[in-house]
Every structure is written in C-alpha cells, then in structure tokens.
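All chains, full assembly: derive it from the sequences and hints.
Numbering-wise, the sequence shown is residues 1 to 181 according to our numbering.
Note that these hints are calculated values from the structure, not bench results. Please note that a few of the clues may not be correct.
Below, simulated DMTMM-like cross-link-like pairs (lysine to aspartate or glutamate); rule was C-alpha separation at most 20 Å, straight line [stated by the list, open to error]:
no., residue 1, residue 2
1, LYS39, GLU10
2, LYS2, ASP115
3, LYS27, GLU11
4, LYS66, GLU90
5, LYS2, GLU119
6, LYS126, GLU180
7, LYS2, GLU142
8, LYS39, GLU90
9, LYS171, GLU142
10, LYS102, GLU15
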Amino acid sequence: MKRVLVVDYEEGIREFIGDVLSGEGYKVTLARDGMEASKILEKQSFHLMVTDLRMPRLGGMDLLRKTRVEVPEMEVIVLTAHGTVENAVEAMKLGAFHYLTKPLSHPDELRVLADRALERRALIDKIEEPPSSTSDMVAEDEAMKVVATQIAKVAVTDATVILLGESGAGKEVAARSIHEQ
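This is the structure in structure tokens:
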C-alpha cells in the first residue's frame, strides 16, 4: 500500500485531501505544518507528500528543500492558494513533481496527479534496480559489464531497442538477454 503524507495548515483542506487519497486506497498520514511533517518523516517513510506552501514554523518550500536532501526518492506535489510563477518555478527546480493552485478544480485532478507521481516513482525504482542476470552473456571484461548493465536497465522498460554492430559482435545474444530479462 502506498503511503502519502498530506501537509496543510488548514484542517478542512488537509482532511479533504486525505479523504480523496484514502478513497484511492492510499494510506494517508496528516500533518498540520512543516515541523510536524518533518518529525513524522524522521520516523517513517512515504512514497508521496502533498504539501501546502504557506504554513507557520516551517513552510512548504523549506520542507521541500529538506525532503529533497533527506528523502530524495519521495515524490512531492506542492499545493497553494498563493501561487506565483516564481514559486512554481522554484518548486519544480527543487524537484517537486507538480505544482497546483487552490482551490482544486475537481478532486480527480489530485487523484490523477497522485497516481502519476507514484507511477513515475515506481518506474524510476524499476530502472534503477541492479541487473538480475546476464543470461548467456559473459561479462568479465569492463566494457561488457557496462553493456550488461545497460541491457538490464532497458530490459525492464517497454522501450523499442535497436542493436547495432558488426557481424559477430553479439547482437543476437544481447537481444536474447533483453527478452529473457
């Protein structure tokens, strides 16, 4: 079950977002400000954080900066009623997945964004997994180890791959390895 941390100073909005995401099957934890969220993040991990920008004690932008350093694998959606282009650009540069302004046009907007953010994280995790095997490939040479690693990375995706090389270079072995993995 995916874990989501919702951080918003306004109780009604915090509860609303929590209800929307709980309805999607996520395990939701609520925090009233950045300081409370920071303490929660010290004790448990989350796949996604939805945070407001303007909060007392520790604002959303500072919380975003802190989480990018301490929990870089967690996706973050920034939500604010006081949106500016500068804030949006800064949040995206700091690694936020998306930036939304309040009020939300529809709860589905948040559902779709949460799903996309978590799907993105899952794909990144899958691509970053260490190679599981190299099947028929013998990878004792450093150059072949690099090729085996690249094959393992591309094998977990749905990408179309073209293998180029001279006759006898091992294109068929590489193709078989991609399909097996």
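Going down the list of hints, with the structure as the test:
1. Between the alpha carbons of LYS39 and GLU10 the distance comes to roughly 19 Å, so the proposed pair stays at or under 20 Å and holds.
2. For the proposed pair LYS2 and ASP115, the alpha carbon gap of about 10 Å is at most 20 Å, so the pair holds.
3. Between LYS27 and GLU11 the CA atoms are separated by roughly 18 Å; this keeps the pair inside 20 Å, and the hint holds.
4. With a C-alpha separation of about 14 Å, the suggested pair LYS66 and GLU90 falls inside the 20 Å cut-off, and the hint holds.
5. Only pairs whose Cα atoms come within 20 Å are accepted, and LYS2 paired with GLU119 is accepted, the gap being roughly 11 Å.
6. As the CA atoms of LYS126 and GLU180 are separated by approximately 16 Å, the hinted pair is consistent with the 20 Å bound.
7. Proposed proximity of LYS2 and GLU142 is contradicted: the alpha carbons are some 38 Å apart, above 20 Å.
8. Taking the CA atoms of LYS39 and GLU90, the gap is about 24 Å. The hint is violated against a cut of 20 Å.
9. Our distance criterion of 20 Å between C-alpha atoms is met by LYS171 and GLU142, whose separation comes to about 18 Å.
10. As the CA atoms of LYS102 and GLU15 are separated by approximately 14 Å, the hinted pair is consistent with the 20 Å bound.
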